[in-house]
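Participant: One-letter residues, chain by chain:
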Amino acid sequence: MTIGLNHCLLLAAMLFAIGLYGVLSKRNIIAILMGVELMLNAVNINFVAFNRFTPVSDLTGQLMTVFAITVGVAEVAIGVALAYRIYNDRQTINVDELDNMKG
Amino acid sequence: MNEMLSTLVFYVVAMAILATGMGVVMSNNLVHSALLMTACFISVGILFIWLNADFLGAMEFMLYSGGVAILVVMGVMLTKRQDGPPGNPFNHRKISAIGLVVLFALVMGTVIVSTPVSSGGYISLDTVDALAGMMLNTYILPFEIAATLLLAALLGAIILAKGDGEA
Amino acid sequence: MFYEFALEHAWLIPLLPAIAFVVIGMLTRSYGKLSALIAVAMSTISFLLSTGVTYAVINNGISVEAPFVQKLSWMHIGSVDITMGVLIDPLTAMMLIVVSTVSLLVQIYSCGYMKGDPGYGRFFAFLSLFAASMLGLVLAVNFLQMYVFWELVGLCSYLLIGFYYYKISAREAAKKAFMTTRVGDFGLLLGILLLQINFGTLDFMALKEIIPAHILSAGTGLMTLIALLLFVGPIGKSGQFPLHVWLPDAMEGPTPVSALIHAATMVVAGVYLVGRAFFLFQEIPCVMNVIAWVGGFTAFFAASIAFTQTAIKRILAYSTISQLGYMMLALGVGSLTASFFHLMTHAFFKALLFLCAGAVMHAMADEANIFKMGGLKNKMPITFVTMTIGVLAIAGIPPFAGFFSKDEILGAAAAVSTPLYLLATLTAFMTAFYMARLLFVTFFGEPASEESYEHAHEASWFMLVPLMVLAALAVVSGLWGHMFGFGEWVRFGAAHEAGIDMFIAVSSTILSLVAFGVAWNIYVTKKWSSDTIAEKCGILYKLSYNKFYIDEIYAALIKVFVDGVAKVFYWIDIYVVDGIINGLAGLVGGISNLLSKAEDGQAQHYAGFFVCGVVILVAYSLYYLAVLGGAL
Chain A
1 MTIGLNHCLL
11 LAAMLFAIGL
21 YGVLSKRNII
31 AILMGVELML
41 NAVNINFVAF
51 NRFTPVSDLT
61 GQLMTVFAIT
71 VGVAEVAIGV
81 ALAYRIYNDR
91 QTINVDELDN
101 MKG
Chain B
104 MNEMLSTLVF
114 YVVAMAILAT
124 GMGVVMSNNL
134 VHSALLMTAC
144 FISVGILFIW
154 LNADFLGAME
164 FMLYSGGVAI
174 LVVMGVMLTK
184 RQDGPPGNPF
194 NHRKISAIGL
204 VVLFALVMGT
214 VIVSTPVSSG
224 GYISLDTVDA
234 LAGMMLNTYI
244 LPFEIAATLL
254 LAALLGAIIL
264 AKGDGEA
Chain C
271 MFYEFALEHA
281 WLIPLLPAIA
291 FVVIGMLTRS
301 YGKLSALIAV
311 AMSTISFLLS
321 TGVTYAVINN
331 GISVEAPFVQ
341 KLSWMHIGSV
351 DITMGVLIDP
361 LTAMMLIVVS
371 TVSLLVQIYS
381 CGYMKGDPGY
391 GRFFAFLSLF
401 AASMLGLVLA
411 VNFLQMYVFW
421 ELVGLCSYLL
431 IGFYYYKISA
441 REAAKKAFMT
451 TRVGDFGLLL
461 GILLLQINFG
471 TLDFMALKEI
481 IPAHILSAGT
491 GLMTLIALLL
501 FVGPIGKSGQ
511 FPLHVWLPDA
521 MEGPTPVSAL
531 IHAATMVVAG
541 VYLVGRAFFL
551 FQEIPCVMNV
561 IAWVGGFTAF
571 FAASIAFTQT
581 AIKRILAYST
591 ISQLGYMMLA
601 LGVGSLTASF
611 FHLMTHAFFK
621 ALLFLCAGAV
631 MHAMADEANI
641 FKMGGLKNKM
651 PITFVTMTIG
661 VLAIAGIPPF
671 AGFFSKDEIL
681 GAAAAVSTPL
691 YLLATLTAFM
701 TAFYMARLLF
711 VTFFGEPASE
721 ESYEHAHEAS
731 WFMLVPLMVL
741 AALAVVSGLW
751 GHMFGFGEWV
761 RFGAAHEAGI
771 DMFIAVSSTI
781 LSLVAFGVAW
791 NIYVTKKWSS
801 DTIAEKCGIL
811 YKLSYNKFYI
821 DEIYAALIKV
831 FVDGVAKVFY
841 WIDIYVVDGI
851 INGLAGLVGG
861 ISNLLSKAED
871 GQAQHYAGFF
881 VCGVVILVAY
891 SLYYLAVLGG
901 AL
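Protein chains in written order, with our numbering: chain A, 1 to 103; chain B, 104 to 270; chain C, 271 to 902.
Each computed DSS-like pair below joins lysine-lysine, with the alpha-carbon atoms no more than 27 Å apart: (1) K102/A to K867/C; (2) K197/B to K183/B; (3) K445/C to K829/C; (4) K437/C to K385/C; (5) K642/C to K812/C; (6) K197/B to K102/A; (7) K197/B to K867/C; (8) K385/C to K303/C.
Not everything, but these chain A residues come out facing chain C in the computed CB check (under 8 Å): (9) L20; (10) V23; (11) L24; (12) V95; (13) D96; (14) D99; (15) N100; (16) K102.
Ranges between beta-carbon positions, derived for each pair: (17) D848/C to L257/B: 55 to 63 Å; (18) D848/C to V205/B: 45 to 53 Å; (19) L257/B to T2/A: 37 to 45 Å; (20) S866/C to T2/A: 50 to 58 Å; (21) Y894/C to G202/B: 19 to 27 Å; (22) L244/B to Y890/C: 33 to 41 Å.
Keep in mind that the hints were calculated from the coordinates and are not lab data.
The beta-carbon is built from N, C-alpha and C at its ideal position, and this holds for glycine as well.
Based on the provided sequences and hints, a complete structural model is requested.
Facilitator: Next comes the structure, spelled out in structure tokens:
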């Protein structure tokens, strides 16, 4: 059976779910950032797969991936800086303890 | 034969991606997680190349398994606790999160399976040339904005990391 | 000609004191002497204008049937056309003279009486406004204008009774006066509104045409209601039973104010209203009956209280209520002449009595209890003489003013109803007795307190001159009115009967003299002990001394009704209104509490809910597409 669009999309969905699980269930802010990266990669896989397996005539999907990677890198830079900042201020990066916005 | 090999490569890469991804989430050691994440990114890069997106594959290797991985490791090191290896514990919402995630995966899977897909495809032989042409012609504005965003993000990261009062 | 000018510019009469009020209130309040000068000057001018108006009325033959009217449109509201203006007929002219004379004399008197008071300027400002309001009321051309000034009079009485606002009793008295008269004003307002609704006009002259015709065609049903409501206003303002309770308490104000309120400005407003609207009342016999009996009863009732009071101003206050009852009685038996004749004479001798009382209290360091005075006739001869004239005038001894006017009231009452006549005669006897008591206890006998007796002194000329002028008026005004035919001049329908009914005149005079004799025996020669008499009377004495417990009854009624209603409303407010409000607030609060639990600050929870939402939306889309077969 030929590998097609659905296979790639299912793979991306699973990777996304794994990343989501990391985001939802981890305590460490760095680990949550990793989860977010996994989710971003899943989205990138989708872009590339759609570009590869659907009847299009240029590389717009791949180009979008380029931008997505750019944004992802920026996000990581900010995220790590935030984590460092929080760690400096509070001596912890446990998100359970970061509930200043509690209603 | 070629077809078979291609299929095999996809499944191997897919397995690698999922396994390393699971490893990132499940590992109890944050440094292991970071390493596994790098492996995952490499696998994704291979998948990109398999999907005839060689420029993106290269980008993935360099940016993700290079830059992002290093950034994350730096983060791990900067926020390290004094005692023992950096832990990577779950919180108390572990079970409900599993339920939610499985539900999500099922729904997405159903969507993917039940959606009719038009057949066909597009393979560019020279992705670098094509992407460069698009980026500097049609998509020049998003390109510039992305550049500005990167600059802003870097400045922001520096200011955040420095903290106030340390201009 | 001066009198033509006065007639054409009659609106200046109330305006000038009003200007004095504004000028004093705004500019010169802190300069006492200047303020007094302004007030007295303005009052003098308006007094002169009043005499001019009166002369014009006589000279031009202006009568009640053909009055002099100036009107200008004040406002239009839809179809309602409201005018302001002046209406001058002999009735108005007489009132103008009385009010402006008394207020002028009271102001002059106040120059001496209020000397050294920190509120000197303020006092003259209020006095001016008081005079202006009353003069405006007298000149009113329709019920609405009258009501406006009526309320202004009420406001001024509030301000002046509460003049010593740092005294709790003064504040309470001012409040009481205001609230009690307000009860009456409310009835008056309802009556005025009913008039406007039913006849579309409040103009006195227009109503005079309409109402008799209306009664002929539609009967007296509606008019009875209107007349009764209108009469509630005078009951409150003129201190008739049962709304008389404020008048004795109004003594808390400075004495000149009491004189002004009791003689010329405030309380006679009610009598004047009934007189002005007499064309309305006289068409309805049953309302006339009510007026007569309210007046008669009030006269008797107040006199019986005055019997036993000890504070000098309080006795005078009850005598005022009593005399006002006489006036109402006269109106009720249909004699406008007698009523207004008595109003005029009463204004003079009651102002005199009050100002004398003020002089006495001034001399005795504000002592009000007559039994702590005594023997003052040697120390204050002028005050003694003028006070005696006042007492003789109110007691109805010929030839003093009260004799003639009271005699006319008795005659008018006798012509209509024997019980009312007997009641009035009895009241006359009582009046003579308690006034004699006042006079004898204060001026005769031994001084009750040596120290204050030593300090007692005759008042200053500022105070004595008005006393003498008023005493002269108290002597001659009745005689003058009798000889020149008060009623004929004023011509209130029936011409004045020149002859005196000898039986009535002689019997009332004899009764008064007997009362004087009894009082002399009790209080001067002490032949009969007042204590034994009081003891023998027992419960009656107690009732009278405590003013028949009217205040206490009101307090109890208010306690029962107002507090009861208040309790019900309190319950409703607390449990129903507050319940609803608190329930709503609680509901919102509860929901917010519940929702704020979701806002727990945990970003991962938010993300989880977010994913839940996504899952639900996508699942619903699937369901919609796959199962329902819809199209996106």
